[in-house]
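Novice: Listed below are the residues making up each chain.
Protein chains: 2
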Amino acid sequence: MTAQTNTAAHYRGDKSFVVETIEAKAPAAGEAQIRIAYCGICGTDMHVFHGNMDARVGLNRIVGHEMSGTVEAVGDGVTNVVPGQKISVRPLDHCGDCPACHAGHNHICHNLKFLGLDTDGAMQELWNVPAHTLHVLPDTLRMDHAALIEPVAVACHDVRLSELSEGENVVVIGGGPIGILVAMVARDAGGNVLISEVNEARLAIAQTLGFDTVNPAKADLADLVISRTGAKGADVVFEVSGTQLGVDAMTEIAACRARIVMVAIHAQKPQIDLFRFFWRELKLIGARVYEAGDYEKAISVIASGGVDADTIITDVAPLADIEKAFVALDTSPTAMKSLIKVGGNA
Amino acid sequence: MTAQTNTAAHYRGDKSFVVETIEAKAPAAGEAQIRIAYCGICGTDMHVFHGNMDARVGLNRIVGHEMSGTVEAVGDGVTNVVPGQKISVRPLDHCGDCPACHAGHNHICHNLKFLGLDTDGAMQELWNVPAHTLHVLPDTLRMDHAALIEPVAVACHDVRLSELSEGENVVVIGGGPIGILVAMVARDAGGNVLISEVNEARLAIAQTLGFDTVNPAKADLADLVISRTGAKGADVVFEVSGTQLGVDAMTEIAACRARIVMVAIHAQKPQIDLFRFFWRELKLIGARVYEAGDYEKAISVIASGGVDADTIITDVAPLADIEKAFVALDTSPTAMKSLIKVGGNA
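Those protein sequence lines, which keep their order, are chains A and B. Read in order, the letters of the first sequence are residues 24 to 369 in this note's numbering. Read in order, the letters of the second sequence are residues 24 to 369 in this note's numbering.
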């Protein structure tokens with residue numbers, strides 16, 4: 024058997040990638056080898072690109088985890104997929120032996136490995152992954168759309184944890200890629216969604232997608248929510264801005280017994296109005312990545328058109344142009360989701 | 024019919040009460056007239072005593088809401104109680120027409136009146152209250168013990184909202200009167216409870232009551248919780264300290280998917296480790312007062328001995344000595360719950 028080749032993009036530090044062709048490895052026992060179709064650029068990948076995660080990823084990492092692909096081969100003992108199947112990888116590898124795993128929360132395993140950060144990822148033609156991470160896709164799903172499954176699964180997890188009911192009033196604070204996906208999934212679940220965002224280009228996209236919007240730098244968000252809800256406030260708030268102003272707003276606009284889902288990653292420790300938590304019996308829910316059911320839900324929401332994938336995907340570039348694609352996404356005011364077309368670039 | 028007399032303690036500002044005998048009012052339609060047996064001094068009453076709530080209560084308020092008593096008479100249309108029944112008052116009067124009331128959360132009504140603060144309270148022999156606030160007591164329940172129903176109902180509400188399961192690890196941060204009651208109710212519900220408290224006198228009481236304790240100023244609370252729980256962390260945390268240190272600890276010691284109940288009233292806005300909320304998918308639950316079911320639960324927990332009322336009640340004074348009782352409670356390092364014996368002081 025001739026050795027297969029594999030074209031891969033390695034992050035080499037300081038906003039640079041080197042794309043080179045290396046020898047493909049056969050899948051080990053329990054692994055599947057995936058031929059990548061598309062891989063989206065995540066905000067986390069952008070953090071890597073900026074050099075903020077060098078200590079974690081090193082200077083020879085193949086990043087990428089928002090992907091679609093096809094099973095190319097399977098290693099010994101793999102029975103859940105067969106070559107030729109379209110799949111998406113849920114890029115979490117858990118230890119199976121920590122308190123979180125024992126409690127059934129293996130997506131937040133104490134020793135969680137995130138594929139594409141802690142191991143090599145999907146910005147390569149052939150990617151070997153643990154077979155337990157695979158979700159089989161419907162044949163009719165477009166492979167570019169399928170590259171949205173991972174971020175949509177984040178949104179599905181957030182909306183599931185919010186316990187949103189049909190007809191409830193929802194405010195999404197922050198209208199970037201994740202905020203927009205959360206808004207779409209919340210709307211698909213029956214929520215009456217308002218998006219709060221300060222970036223006018225993002226507000227325009229949100230309006231194109233049919234959402235009510237507000238720029239809280241120009242209008243009083245709390246007054247608007249009060250008037251929209253008959254003085255009740257929002258039943259569900261998603262804080263996706265990662266800012267102190269967002270954290271201030273989330274308690275101000277929340278109805279009695281509202282659920283506030285913490286989607287943003289706050290590296291600082293913001294001040295929080297705990298009196299309001301007491302007074303209105305608010306609930307704050309931390310949400311991280313996704314569980315298997317969220318992946319299945321994401322697949323069905325994309326397949327049914329509940330997420331408008333064509334509007335969300337604003338750019339597609341070949342793997343050879345990955346560095347240019349990162350620069351473009353980093354500087355564009357209008358880009359939402361940028362995909363790398365990995366297949367066909369050997 | 025001769026007018027009944029009523030001895031009452033009026034708060035007159037600046038740490039003073041005036042006890043005087045006035046004419047009793049007959050209960051209006053929908054009201055019951057209650058002959059008060061005992062009334063406990065709440066932390067909120069102490070805030071009134073210190074002058075911190077003069078704008079809300081004025082300078083002629085009869086305070087008191089942690090009470091036990093007997094129905095003396097009923098006004099027109101009252102059918103849920105009859106004279107002679109032992110009762111406790113759930114001191115909340117809701118508007119019935121705000122978004123919280125419409126949503127079924129009338130204990131956090133937007134226009135909630137708290138009896139004994141927004142209206143006159145139980146530090147008087149005869150108290151007229153809306154009949155819907157009454158819970159009938161078992162005949163066998165001691166009336167001094169029954170004065171603990173209101174604060175125990177707070178603890179029952181907190182523990183219910185925590186969704187505590189049998190055998191879970193619980194940490195109560197702050198071992199004052201409410202913290203101790205929360206700890207007792209959590210233990211009664213099957214929790215494995217640790218109390219964290221810096222006041223050595225309070226630690227001694229907690230130990231007398233059979234609790235594991237830690238002084239976080241002298242030992243590392245997080246290390247202790249890690250070692251007690253096999254590296255998991257606490258399943259349920261009650262933050263009752265009202266301090267930034269307590270807020271720092273609550274996220275540090277919480278297990279993946281732990282529930283943190285915000286019992287303390289934080290007048291400031293503390294900084295909160297939201298990254299930890301994300302990373303471990305923590306839940307923060309604001310809890311305020313109680314609902315009807317919490318009162319029924321409190322009555323049964325006290326009646327069954329799940330709360331050690333005799334240890335909690337550290338002082339009993341007659342109504343005539345109310346001012347002295349407030350001063351004593353304010354300055355005693357060992358006092359937990361101080362009751363005023365209202366009946367029999369005419």
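There's no promise every hint is true.
No distinction is drawn between identical chains; accordingly, a pair holds when it is met within one copy or between any pair of copies.
[Unchecked claim] DSS-like, lysine-lysine: derived pairs with alpha carbons at most 25 Å apart:
| id | residue 1 | residue 2 |
| --- | --- | --- |
| 1 | K292 | K255 |
| 2 | K48 | K241 |
| 3 | K136 | K255 |
| 4 | K364 | K38 |
| 5 | K255 | K364 |
| 6 | K255 | K48 |
| 7 | K255 | K109 |
| 8 | K347 | K48 |
| 9 | K241 | K38 |
| 10 | K241 | K364 |
| 11 | K38 | K136 |
| 12 | K38 | K292 |
| 13 | K48 | K38 |
| 14 | K364 | K292 |
| 15 | K109 | K364 |
| 16 | K136 | K109 |
| 17 | K292 | K347 |
Simulated from the structure, these hints should not be mistaken for lab results. Since the model is a prediction, treat every value here as computed from it, not as a measurement.
Novice: None of the hints should be skipped; say for each whether it holds.
Specialist: The hints, checked one at a time:
1. K292 <-> K255: Between. Shortest inter-copy distance 23 Å satisfies the 25 Å Cα cut-off; intra-copy 29 Å does not.
2. K48 <-> K241: neither (55 Å within a copy, 55 Å between copies)
3. K136 <-> K255: For K136 and K255, only the inter-copy Cα distance (18 Å) is at most 25 Å; the intra-copy one is 42 Å.
4. K364 <-> K38: Within one copy only: 20 Å inside a chain, 75 Å across chains, cut-off 25 Å.
5. K255 <-> K364: neither (46 Å within a copy, 42 Å between copies)
6. K255 <-> K48: This pair counts as neither: shortest intra-copy Cα distance 58 Å, inter-copy 37 Å.
7. K255 <-> K109: Neither. Shortest intra-copy (46 Å) and inter-copy (38 Å) distances fail the 25 Å Cα cut-off.
8. K347 <-> K48: neither (28 Å within a copy, 83 Å between copies)
9. K241 <-> K38: The answer is neither: 35 Å in one copy and 48 Å across copies each exceed 25 Å.
10. K241 <-> K364: neither (39 Å within a copy, 58 Å between copies)
11. K38 <-> K136: Intra 24 Å, inter 60 Å, cutoff 25 Å: intra-copy only.
12. K38 <-> K292: Answer is neither; intra-copy 28 Å and inter-copy 39 Å both fail.
13. K48 <-> K38: neither (27 Å within a copy, 80 Å between copies)
14. K364 <-> K292: neither (38 Å within a copy, 47 Å between copies)
15. K109 <-> K364: within (16 Å within a copy, 76 Å between copies)
16. K136 <-> K109: Cα proximity of K136 and K109: one copy only (24 Å, versus 61 Å across).
17. K292 <-> K347: Classified as neither: same-chain Cα gap 34 Å, cross-chain 44 Å, threshold 25 Å.
Against the hints set out earlier in the document, violations occur for numbers 2, 5, 6, 7, 8, 9, 10, 12, 13, 14 and 17.
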